[in-house]
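Enquirer: Now for the letters of each chain:
Protein chains: 4
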Amino acid sequence: MHNNREATLKRLNRLEGQVRGIARMVEEDRYCVDVLTQIAAVRAALKGVEKLVIDDHASHCIEDALASGDREDQRAKFTELLELLDKARG
Amino acid sequence: MHNNREATLKRLNRLEGQVRGIARMVEEDRYCVDVLTQIAAVRAALKGVEKLVIDDHASHCIEDALASGDREDQRAKFTELLELLDKARG
Amino acid sequence: MHNNREATLKRLNRLEGQVRGIARMVEEDRYCVDVLTQIAAVRAALKGVEKLVIDDHASHCIEDALASGDREDQRAKFTELLELLDKARG
Amino acid sequence: MHNNREATLKRLNRLEGQVRGIARMVEEDRYCVDVLTQIAAVRAALKGVEKLVIDDHASHCIEDALASGDREDQRAKFTELLELLDKARG
Chain A
17 MHNNREATLK
27 RLNRLEGQVR
37 GIARMVEEDR
47 YCVDVLTQIA
57 AVRAALKGVE
67 KLVIDDHASH
77 CIEDALASGD
87 REDQRAKFTE
97 LLELLDKARG
Chain B
17 MHNNREATLK
27 RLNRLEGQVR
37 GIARMVEEDR
47 YCVDVLTQIA
57 AVRAALKGVE
67 KLVIDDHASH
77 CIEDALASGD
87 REDQRAKFTE
97 LLELLDKARG
Chain C
17 MHNNREATLK
27 RLNRLEGQVR
37 GIARMVEEDR
47 YCVDVLTQIA
57 AVRAALKGVE
67 KLVIDDHASH
77 CIEDALASGD
87 REDQRAKFTE
97 LLELLDKARG
Chain D
17 MHNNREATLK
27 RLNRLEGQVR
37 GIARMVEEDR
47 YCVDVLTQIA
57 AVRAALKGVE
67 KLVIDDHASH
77 CIEDALASGD
87 REDQRAKFTE
97 LLELLDKARG
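For the protein sequence lines, the chains are A, B, C and D, in the order given. Each residue of the first sequence is one higher than the one before, counting from 17 in my numbering. Each residue of the second sequence is one higher than the one before, counting from 17 in my numbering. Each residue of the third sequence is one higher than the one before, counting from 17 in my numbering. Each residue of the fourth sequence is one higher than the one before, counting from 17 in my numbering.
If you're looking for bench data, these hints aren't it; they were derived computationally from the structure. It is possible that part of the hints are untrue.
Note: identical chains are not told apart, hence a pair may lie in one copy or across any two.
[As the list claims (entries may be wrong)] Here are the computed lysine-lysine pairs in the DSS-like style, where the Cα-Cα straight-line distance is at most 27 angstroms: (1) LYS103 - LYS67; (2) LYS26 - LYS63; (3) LYS103 - LYS26; (4) LYS63 - LYS103.
No experiment lies behind these values; they were computed from the predicted model shown.
When you get a sec, could you build the whole thing from the sequences and use the hints?
Expert: Have a look at this one:
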């Protein structure tokens, strides 16, 4: 990663703390729906991290492949994006 | 579209019939949860159509951009895919 | 359905027209990404219809089950909601 | 939580390790798409934890509300499920 490296690490660090917080809630027998709300918060945080990595990928790896003119590298980048899209569509 | 044209039209036709079927269910005061089940079926069908269009896009439009060596066309194709990915991530 | 019947039918009618519009785009060989954008619009419209049906279900079928005091009906309503939740989580 | 307590804690523990692993990948400048694949794995793991909590909620909290005959508690349980459904629909 390039641009978003520090921001990504900071968010992953916070995310790790959030997951630990959910474990603590389960240990303390907190109400299921409150646990589910925290799980939703972690999912949203994860989506934010993913966005940072995708943006970095677009502005570096993909731009490099464009600049290189290397058709096989470009095809690989397209294939990866199409696979990510397929997974994201669920 | 190229390869998947007829298959896509056939599916869209069936999908239109499914939507009309849901309207009929609502008119006939059918049970809400049965209506919701049919809506889920339409959503799944829509996802199938989308897959056909994406595959066609990959094997034609994107391949053309790769073959052309036209960097601006290639960048446009990447940008479109990244936007589709962003929307699909919800 | 009760409250949202007419609104739901109006939306389903429009949705049917949107699906037909996509078929026309495919017939006219429109650009794949424009077709995908329209598919995304249909998915969003479908989600809106689903919301109306869920709200209606909540304010009628579920309220009736609560008022009845019929435990088996209530259990059935919970089970249906849990199944809908499971499907929605993808 | 009741039945799934230990299984949930075990999974959360593993999930925490997975998040830490992603941070390590970012620190080691691993390829973006490999990071994205690990993020997808964490999202899937999170969905598994969520499923355990929902099942536990269904077989305990909801069953208790049904057994109690307490209409306000039952209504609260329905409202919570409807909110979870609304969020899950995205």
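Enquirer: Work down the list of hints and note, for each, if the structure agrees.
Expert: Taking the hints in turn, this is what the structure says about them:
1. LYS103 - LYS67: So LYS103 and LYS67 pass the 27 angstroms test inside a copy (15 angstroms) and across (11 angstroms) alike.
2. LYS26 - LYS63: Intra 14 angstroms, inter 23 angstroms, cutoff 27 angstroms: intra and inter.
3. LYS103 - LYS26: Classified as both: same-chain Cα gap 26 angstroms, cross-chain 25 angstroms, threshold 27 angstroms.
4. LYS63 - LYS103: Both, since 14 angstroms and 12 angstroms are each at most 27 angstroms.
Figure legend: structure checked against the earlier numbered hints; every hint is met.
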